[in-house]
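Participant: Residue numbers (the numbering used here), protein chains in the order written: chain L, 895 to 1248; chain V, 895 to 1248; chain W, 895 to 1248; chain S, 895 to 1248.
Take the hints with a grain of salt, since some may be wrong.
All copies of an identical chain are treated as equivalent in the list; a pair is satisfied when it fits inside any one copy or across any two copies.
[Said to hold, decoys possible] In silico DSS-like pairs for lysine-lysine, Cα to Cα no more than 27 Å straight-line:
1) Lys-1089 <-> Lys-987
2) Lys-1056 <-> Lys-1089
3) Lys-1149 <-> Lys-987
4) Lys-1056 <-> Lys-987
5) Lys-1089 <-> Lys-1149
Just so you know, the hints here were simulated from the structure itself, not pulled from any lab data.
Protein chains: 4
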Amino acid sequence: MGSSFGNIFRINTWGESHGPALGVVIDGCPAGLPMSEEIIQHDLDRRRVGQSKVTSPRQERDRVTILSGVFEGFTTGAPISLITYNADADSSKYDIIRDRFRPGHADYTYHVKYGRRDHRGGGRSSARETWGRVASGAIARALLATVDVDVYAFVRQLNSIKMETFDRAEIDRNLVRCPDPVAAQAMVEAVMAAKEDNDSIGGIIEIRADNVPPGWGEPTMDKLDALIGHAMLSIPAVKGVEIGMGFEAATMHGKDHNDGFYMDNGRVRTISNNAGGMLGGISSGEQIVARIVVKPTSSVSQEQQTVDLEGNDRTILVEGRHDPSICPRAVPVAEAMMALVLADLYLLNRAAQI
Amino acid sequence: MGSSFGNIFRINTWGESHGPALGVVIDGCPAGLPMSEEIIQHDLDRRRVGQSKVTSPRQERDRVTILSGVFEGFTTGAPISLITYNADADSSKYDIIRDRFRPGHADYTYHVKYGRRDHRGGGRSSARETWGRVASGAIARALLATVDVDVYAFVRQLNSIKMETFDRAEIDRNLVRCPDPVAAQAMVEAVMAAKEDNDSIGGIIEIRADNVPPGWGEPTMDKLDALIGHAMLSIPAVKGVEIGMGFEAATMHGKDHNDGFYMDNGRVRTISNNAGGMLGGISSGEQIVARIVVKPTSSVSQEQQTVDLEGNDRTILVEGRHDPSICPRAVPVAEAMMALVLADLYLLNRAAQI
Amino acid sequence: MGSSFGNIFRINTWGESHGPALGVVIDGCPAGLPMSEEIIQHDLDRRRVGQSKVTSPRQERDRVTILSGVFEGFTTGAPISLITYNADADSSKYDIIRDRFRPGHADYTYHVKYGRRDHRGGGRSSARETWGRVASGAIARALLATVDVDVYAFVRQLNSIKMETFDRAEIDRNLVRCPDPVAAQAMVEAVMAAKEDNDSIGGIIEIRADNVPPGWGEPTMDKLDALIGHAMLSIPAVKGVEIGMGFEAATMHGKDHNDGFYMDNGRVRTISNNAGGMLGGISSGEQIVARIVVKPTSSVSQEQQTVDLEGNDRTILVEGRHDPSICPRAVPVAEAMMALVLADLYLLNRAAQI
Amino acid sequence: MGSSFGNIFRINTWGESHGPALGVVIDGCPAGLPMSEEIIQHDLDRRRVGQSKVTSPRQERDRVTILSGVFEGFTTGAPISLITYNADADSSKYDIIRDRFRPGHADYTYHVKYGRRDHRGGGRSSARETWGRVASGAIARALLATVDVDVYAFVRQLNSIKMETFDRAEIDRNLVRCPDPVAAQAMVEAVMAAKEDNDSIGGIIEIRADNVPPGWGEPTMDKLDALIGHAMLSIPAVKGVEIGMGFEAATMHGKDHNDGFYMDNGRVRTISNNAGGMLGGISSGEQIVARIVVKPTSSVSQEQQTVDLEGNDRTILVEGRHDPSICPRAVPVAEAMMALVLADLYLLNRAAQI
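For reference, chain L alone in the conformation it holds in the complex:
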């Protein structure tokens, strides 16, 4: 239970951090979509470790191989199986966590729930599991592209540094994926400072989707908002999600929060977009806007208080290679999850009317 997501466009991820391989199976991708390893690799390369000085130096190749479901350059409607082999996995540094639980990590809860766990590199609870999300998300994005839907994300805030300008082209030009080059520079420095301190910092990512037509979302339980909430809070280290004005709505008045309608060249639009592109759980035709908070990396190279398997109080010093902030690498993961939600709702919406 639990490693699949989606109704029609449905993924099932598998694999552990230091096992022989990780992968994902996509069941329900429509046939006829142009697809190749290059298309998927493009998104994976944006996710991978070792890409810059602000991320972990671990050299994962993350290379995707398509094992099924694609024939002569097109999806066939059969399950698409994607795999990557783990190459550079050094488990020895993780011996200490075989018996001690890392604070902020899932070591203890996996141990209680399952009675055992693959502790190496965090095993199943490692963020390396997000490989399958990004890989399958790339296919979802390709499907969405056939109807011009464009999903992208960026770091909006890192610790207390907030972006103040937006230039989409800047996002991939800097190490922290911030669309404001000035803020980006300050963010990079903040990450380096945290690294220096053997500490870590959190931040906020914004995810947008352009050109989503009105009508996507399946109320009352599988609302667009609800599926975004599900998807985003399944990402490791994410502790909150908001739509449109989000938590700011708490201090707003109704007459200000409501987005009035008007006609724009025969198309229904809203004057503002406080709702973040959805009403009653269904896309309105305006830009989809969501934000997530990413907690500071749990792995910090400082001595922390913990307990061991035998129930003794202990301390632990977690070594290994870790990102001082997860945010930059979480950007493509968040994009992928948004794309998976939208791809599923796009297909479900085909059954909305006779």
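Starting from the known structure of chain L, arrange chains V, W and S on it as the hints suggest.
Facilitator: Quick look at chains V, W and S alone, frame taken from chain L:
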């Protein structure tokens, strides 16, 4: 598609605001649970309209009838069907919205998605649909009570007024369901002021669950966090959800956010609970803590800009009886959704080990 | 768990034989389908008890009320809730089965599984549950009719009497729903003879669907054949299902069983239809043909060997009103289940290609 | 859509006949189950091609590799990913079917549904897909073994030759997997004769499960019978399934078909087992008995009438290596599907009572 929630303990709500009745079917409730209409009605009475001066005066009886699945005072394992009949429904005030879309409501998006809609009272998108959530949530709460799990919620913030003290007993003593009697008084005044202005205000609700044992949650996609996100963002007017420290984590450092472990009389505990009771998507044994933001009520008695079915720019003045703030009535709905998530994960967790 | 069927077009039945009401919720019916109680009642009237001398004299009205999901004559895309109230339920005759298990019935297995049961009239395991199948099946049939798909069934064999001619118009002209009027007459006599003997007889029903376009079915697990198998074997008293030539295929040779293809006015057809209209789990465009075996009614007014709740050997004489053969009344149920399968696959197939 | 099966214990197969690999992901296997490649390979070896003169000479190694979900000899609760690489795949013989549809195969229906297909070796519709069923079924069988449930199957009839004696030990001693050594000899001859004639034959397989405790099955839609129907009819070439007396029940009387209850050393048993071990869709504690019919292999080396992609009438002579009867190799597949059904219902039943 879309009106069911849960894997094993699964609900399916149905009904429109001004149709003959509303209801919910619960499929998958274990047999042997003591159950009666009184148990369910208790929760429904906390939700119902007309209970105070800060809520809408509509006189709904909201009376539940159990139609199946309960025999001689116990659940039988068969689907439980709950119904309430709509009595006091005056649809005439809604004639104006047959052809014009209310800003902030789902009128437009339902129209686009389905090509038609029952406009009366908001039809399917009305918050009246939450009757079924609260009714089924009462059964989930009863199931959870067999293992001592206790779910409750309260208004933490209304517009800019924040609670500063916590006394659980206070929650149901005031009209806004705030556990701080001083803040509660200010909140009541804020609601009345908004009403006076034909306006509405938003706020923040906190939901807690005590005594959840470690082990509940189905990573990597059906994490406890993720299901909470799904459940909460499916509630009308909710625009954000956060777990534990939530969005505050953005500005924290890892060494401060991590909750260290210690032994407490043979039981593993954490020193702090910044994680809100879950790690890696699985309950840790600490208190479950989530918060949601509720937008200001969309129905405000002010003229607003909109369009009509024929694509003309129009204005609309929404009449009818509406709560100036949804927050107080959303409290039992949020409790219900949390209970539904936990009941399902409780049952799923029985399959975690051989 | 367990009372829902379908992926997109999904039903959830509820209710017990002698409870206050029975019903079904259909979630996922597309909007825009003309719908009324009359359309549904038409199918229900074909199912109901007391319609002839060969069925039970119990006077159920079986009257359907639409509680939601239909507005001004059309489905709205919202869940459709259908209900019927139990009127003529005399539970006293069932007192004996409170403590003793009827052979051939589900009394014992429900007792073991759930630890208790509503014994009255068989409770949840009563064939009265099929009301919801037929009611929702009527909606599925209406949806299929929009694409000219026509589902019908008939009694092919009753005990050892087999039909030898086929005239569809005859099906509803006789009490046993056999398309061969001569065989029908012999079947009626066989039913009456069984009734005279306080015994019961079984038979075989054939279900067909005309005009199903090629392409419906979701291999490899949700093949058209597989969903038919699931649907049919969920009907009370059904003990087997076969497709096309079915069990006769055991003694055939490949060159004879294969249906060769040919072009017929630009359309691909097969010369024969031994496959029953599906290849590789996907409809081929030929007539869908399935057959089910219905066991003889378990309720026979004869003393039978059994045990009681306390684990004592006992005998039991089941009284009450029962059909000497379930077959005639199972015909509309089988039609309904086939329609539910096809409606779901029709909608799912909309996602087969980009 | 469509390549997954199960609710809690859920599999997702993937892969094409001549792609680089095939596999299956098992999500929801409980932690703590002893597991190894040897355990899985044991079942796979019973399925594999090239094992005898009555099966195809293709040399598949079918070697399983566990990629995830097993750590230090035990399942961890994480998804289990199993893979086998396709080595000996010669696609050139399949060039002819790129443009022409083989009668009895899924070439035409896949083409219509998906607009394209991987034609090589039958692609996704090849029986090679059953590798994942058997591999995951081996894990289901291991889980069932922890509660002493034992699943096995055998060929009961091949063409017109029926078994007359039963000795379980004989099943794996002969090439056709028949528990009657005399009948087995005749069956082998029938297979060889069919091969000689470039033809193929069908047959009947019986599947049994011993020691299934009473209580497994989720009425009213996910009855044990219904899930068996779904599972069995999803196997390639299976055209029918029956439970207990199955189609023979058509000609039986109720008093004979009913299985009377009696006490046997404190345990409730039935005198006969015409019901095949289930009542009302729930296991009764008696032996589970199901039978399936397997059509004669569609690939026969004879010229057959067909059409091509452009809509011209054509003939086709299918070359390649094929089993003259699928039955012997379908035995482990049928066992696997029965095990998958039972494993899922075993886990679901843990939620039947509070």
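Participant: All hints, please: hold or fail.
Facilitator: Hints versus structure:
no.	hint	verdict
1	Lys-1089 <-> Lys-987	within (19 Å within a copy, 60 Å between copies)
2	Lys-1056 <-> Lys-1089	within (20 Å within a copy, 36 Å between copies)
3	Lys-1149 <-> Lys-987	between (57 Å within a copy, 20 Å between copies)
4	Lys-1056 <-> Lys-987	neither (35 Å within a copy, 46 Å between copies)
5	Lys-1089 <-> Lys-1149	between (46 Å within a copy, 12 Å between copies)
Comparing the model with each numbered hint stated earlier shows that hint 4 is the single one that does not hold.
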